[in-house]
Amino acid sequence: MKPFRQFRLSRRTLLRGAGAALALPWLEVMTPRSIRAAAAKPPVRLGCLYLPNGSPPEAWSPKSTGGKITALTSEMAALRPFMGDLQIITGLQSELRGSHPAAGATWLVRPAPEGDRISARRGVGGASMDQLVAKAIGSDTPFTSLELITKPEGSFGRSILRNNISWSSATTPLPRETEPRAIFNRLTGRSPAAGGPRRDDRQSILDAIVADARSLRTRVSAADRDKLDEYFEAVRAVEKRLELSRKESQARLDQRLAQATPPPAGIPEDHEAYLRLMFDMMVLAYWTDSTRVATFMLDHEQSNRYFNFLPGVKGMWHALSHWRDISGRTEDDDGKTSWTSRDVKRAQYLKVIEWHHRQVAYFFNRLKSIREGDGTLLDHSLILYGSPFADGHEHASKQLPVMLAGHANGQLQPGMHRSHQGKPLEGIYLSVMDKLGVRVEAFGGTDNALEI
Amino acid sequence: MGFRIVILLLVWLPSHLAAVDSVAAAQAVFQKYCFDCHGNGKAKAGISFDEFSGEVDLWRDRGIWLRVRDAVRLGDMPPEKAEHALPAAERKALGDWVAHTLQHVDVTKIPKHPGHVPPRRLNRHEYAYTVQDLFGIEFDAMPLLPEDLVEGGGFDNAAATLSVQPLLIEKYIGAARQVTEAVWRDDEALERLLPVLPPGAMPPSGNLPFTATAAQSKRTDMGNGAFAVLVRFKTQTGGALFSKAPATGEWVPGAKTLYIKRGRLIYDIGWLGNLETRTRVDDGEWHHALLNVVDGRAQIHADGELLGTRRLTQPDKAEHRFRIGVAGDDDEFQPFTEGTIAFTRFYDQPLTAAEAQAASAGKAIARKPVYVWDPAAQKPTVKPAATEAEAARRNLEAFLQQAFRRPPTTEEMTRYLKLFAHARGQGDAFHEAFRLPVKTALVSPAFLFRAESTGGARAQRVTAFELANRLSYFLWASQPDAALRERARSGELLREEILRAEVKRLLADERAQRFVERFTLQWLRIDGLGTRIKPDAERFPQATPALLRAMKEETVLFADSIMRGNQPVTRLLNADYTFVNTDLARHYGMPTLFTGADLKRRLTKNRGGLLTQASVLTVSSSPRRTSPVFRGKWILEVLLGQTPPPPPANVPELKTEGGTEAKTIREALAQHRRNAACNSCHKRIDPLGFALEAFDATGRLRPGPVDTEAQLQDGTRFDGHTGLRRMLLTREQPAFTRQLATRLLAYALGRELEFTDEAAVQGLLQALRENDLRAEALIQAVVASYPFQYRQAPASETP
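Same order as they appear, the protein sequences are chains A and B.
According to our numbering, the first sequence holds residues 1 to 452 in order.
According to our numbering, the second sequence holds residues 1 to 799 in order.
Because the hints were derived from the structure by calculation, they are not lab data.
By construction, the Cβ of each residue, glycine as well, lies at the ideal position given by its N, Cα and C atoms.
Be a bit skeptical, because a hint or two may be false.
[Stated by the list, open to error] Going by beta-carbon spacing under 7 Å, a handful of chain B positions derived as facing chain A: (1) 150; (2) 164; (3) 167; (4) 415; (5) 436; (6) 445; (7) 451; (8) 793; (9) 794.
[Claimed, not checked] Each computed BS3-like pair below joins lysine-lysine, with the alpha-carbon atoms no more than 27 Å apart: (10) A:68 / A:398; (11) B:418 / A:240; (12) B:534 / A:351; (13) B:44 / A:398.
Just chain A, same shape as in the assembly:
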């Protein structure tokens, strides 16, 4: 057995090398079959990847003939190897206009009921699509769902609405993990909560605090019970996971996970290495069937991450997305570095998006390289990738960028370019939920499931 360590070395090689021929010795040496490979039919995994700050059409439109994708633009070059594994859907729109906070918070929910006046206290309109799925299918896995985000940079990093796409209810966002090692520890049960070498007394603790919550509940007003109910549910979810982790099948899984070398602690300085490790953790979670629902905000909405580590880019992401506005003319008060024109600024904006496509391609490749049953993990996944705006400058909510990758166990016909001109985005969510076996009559403003 030569587990993760090997893999990490080759990953670095891979980072240096050309992006095309990705070899994945890590999982191969580990008998790269999913834990559930033996099961009759592998489960479908849902993933939602969020790209903030919008994407203009050239970074999201395919060339196609008769509905078949025939070519991708140079901005999408990294995704070319997966043309047969993905669908690009154009023409969708959202009723939502305008604001960044609403765009992020309601991406997986529905058009913000109150437009720009949306607030976390009043709620975002309902539970998000991924959480509806998680509630329906999450009870079979140790983790109902997994929520990831990159550690925020810029002044909007503490804003609830900009930093959450997964909501278990209209007012409850799920806390997100930002550190690969913490995710790994959680998946492998090595979290500090795991009791360490001492006797495992978690069950005694959970029993007592449930009783505490019950008696507290009787002493507060009806209006105050919501908060305690939320606490209750959270404790129950932890209990459930403990229970599952005691089961026998879990023991086998633990054994396998125990061989894995954890990723380095902390947040890697190199942003590319960081994103890829986060994707690795997502793959690990799917592969071990620790969860079947995961969301990953590649960055928080209105992210002002400073992308100066990309050659030719000098600017913060959100600022770049407003490429028509070169009123500052220069990003630099010494006047030496300047946006000489809108084209230059727009090109930098596109570069940032293109870079993210490259990371997403890495993820797709990871999924595709793992065999499971009669196919690959990508065959058994349904990955939604998208952004709440088209052109970030206009905050345009028509022609939304939407992509579906994976085959959902043969339920999708990838390789297609579909146009759903003028249809609401939630129509896609209805279909996505359907493929996961979750029947929802209406979602957001529509009861019309769109073909995928």
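Guided by the hints, dock chain B onto chain A, whose structure is given.
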């Protein structure tokens, strides 16, 4: 341009020209001039006057009416293309009426409701502080918990946004484990936690071997060549009396010990040498041994006699601990296992010859030891109990009373005693068995939530315990201390003069720095400086992490000097001093006659107040350049409480005039403002930022002259930060004090303010006015306010 002149003239006209002196008169004007867009069901830009029927409406929707006031006064509304132009006299009269009404709130007309705060989870700062105060340990639990996000420019103690999710429960369980480990490592903390002992049990520190805490070990410096240690013991076999050595048991170079071998006292410093004596002390009788080190010369005394002297000293290793009854895993000495050590006293100065003679003969000396290990002497503070069950009950009751911030219920007591019994049944020793109930309490909703008892449909005053909690979490971000708990228990806290005295006491305590820090960092939005917000490292290489830290610290210390120093709150904007260390002084171009990383108070010349502090100037800039827009917006939102509406979704392309590109930011922004859609807000935002252009994106003064002149739409001119400051402190002073008061109230209440809090806000403003704007008056008024002292179930329908 024409407008501005008209308005300037109008300012000087007598106001009786047009009469808008009542709601009805204002309604008439709106109906005539504004209803095309803002009435009869039309609500352009979300503003409609259909429902406007009284002054109360202005106070409820203050934000909107401030915009109405400015739009009317500045001539933005009605727009030029409107059918009826608003005559100048009516314009002025209407603007003045709106301004006057907003300024003069009749609190009797505001519906009375203290507001509702749901059970509030401790945020991670409060959790960390509470744990420190609960156990009296220096342990940072912050990194164990995820950051609490906020809504808008809100605070991370807002009850509504503090949710609980499975991941968080897992983290709390993990944190509880680490916290209890830290407590059980620290014997002093453990003795405080478990003061009641069953018959026959020893306090943990009474057992040998004993290892002192890091703090205690620092006090017992055996490496400076000038100290003394006195031990009383009896033994028939010998072993190590005390040592300064690694806590792990290794014997390493530089470790020190006084031990008994072959019946003789020996002082040894690892790999350096030793001092051996010849008199036997292993006869099973009581002896006193004294190690007295004078000027690096070690002397060993026993029973009134000097037995030997040798030059023997070496500095301590920082990580070494003071230990009793053990020295390390060397063959030369054994742990002191048979016999008794009665006490060990450590003096941080050597004893005089006379003292040494007396002390080693067992006589009392006047000199006070800096550290004493004496289990027998501690017995009085350790409370005995008749049975183990009674000891467990008394310990747990006292602990839960603190942890739950109220007396535990009978049911809770039964439950936690069961946990203790369970652990005991698994074979845990007496002290060890408390780990499980303590760990559990730290994950219990009774600890994690500040839940208040049922608020009925009618407003009622919170209980004394609840008031104590509200107070300590406001001013300390942590639990009440023993004194405050006692005031709550006796009910005295509900008396006004006692409450005021407690506010004063809490503010004076250094724990109140936490309040200043949490409030200031979040209010001013500088929390993320150095982590989420960093200047470009290539462009500003001097902005090191250390400098960014110092910037933040400067602002916190500065705010502390005003808020806790009871200065006028306007001094936040206008002070002639600040706090700098060498790095920051250099950054500011101030003389650096001192050195060091600690910040010290210094007078300033070209700076003063928050607006000129590097923290504020940096967070309101881009990484590579300043942004007058960001800075202007920061001043409007943060200092004046006026949030400009978001920019329109579709900003049309800016036309460049005659093909010439703007050369400077100022020119570019001027072009930008020529667009009417942009101008209505940016004419208010940009000038504020221009005044600060003398400072670069890290708050350094730019070399050479910089154009810092600015002019507001109404003609007000000011230049540079001094001009800006003067303008803010005169014309905008009411807006600034109101903003500070409302933010402070929101922080104290743990919720955003509602319209029904307006009466409380007016109370704060009055308290400020009557007390020369002093900070303590404001804080006292917050605590005395209706929403702080009362609660009520949420209104079934919000008005």
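| field | chain A contact restraint for residue 150 (chain B) - C-beta distance below 7 Å | value | Hint holds; residue 150 (chain B) Cβ to chain A Cβ min 5 Å, cut 7 Å.
| task | For the hint on residue 451 (chain B), just tell me whether its beta-carbon gets within less than 7 Å of chain A. | result | Result: holds, 5 Å to nearest chain A Cβ.
| query | Regarding the pair residue 68 (chain A) and residue 398 (chain A), is the alpha-carbon distance no greater than 27 Å? | reply | 23 Å, holds
| said: Interface hint check: residue 793 (chain B), Cβ to nearest Cβ on chain A, cutoff 7 Å. Holds or violated? | reply: 5 Å, holds
| query | At a threshold of 7 Å, is the proposed contact between residue 436 (chain B) and chain A supported by beta-carbon distances? | reply | 6 Å, holds
| Can we keep the residue 164 (chain B) interface hint, with Cβ of chain A closer than 7 Å? | 5 Å, holds
| Holds or violated: residue 44 (chain B) with residue 398 (chain A), Cα cutoff 27 Å? | Holds. Residue 44 (chain B) to residue 398 (chain A) sits at ~23 Å (cutoff 27 Å).
| Going by Cβ atoms only, is residue 445 (chain B) closer than 7 Å to chain A? | At about 5 Å, which falls below the 7 Å cut-off, the nearest Cβ of chain A leaves the hint on residue 445 (chain B) intact, so it holds.
| message | For residue 418 (chain B) and residue 240 (chain A), compute the direct alpha-carbon distance and say whether it is at most 27 Å. | response | Roughly 24 Å between the alpha carbons, so the hint for residue 418 (chain B) and residue 240 (chain A) holds.
| Restraint outcome when residue 415 (chain B) is required to lie within 7 Å of chain A by C-beta distance | Result: holds, 6 Å to nearest chain A Cβ.
| request: With chain A as the partner, please determine if residue 794 (chain B) meets the hint condition of a C-beta pair closer than 7 Å. | output: Residue 794 (chain B) check passes; min Cβ-Cβ to chain A is 5 Å, inside 7 Å.
| said: Between the alpha carbons of residue 534 (chain B) and residue 351 (chain A), is the straight-line distance 27 Å or under? | reply: 22 Å, holds
Of the numbered hints listed earlier, not one is contradicted by the structure.
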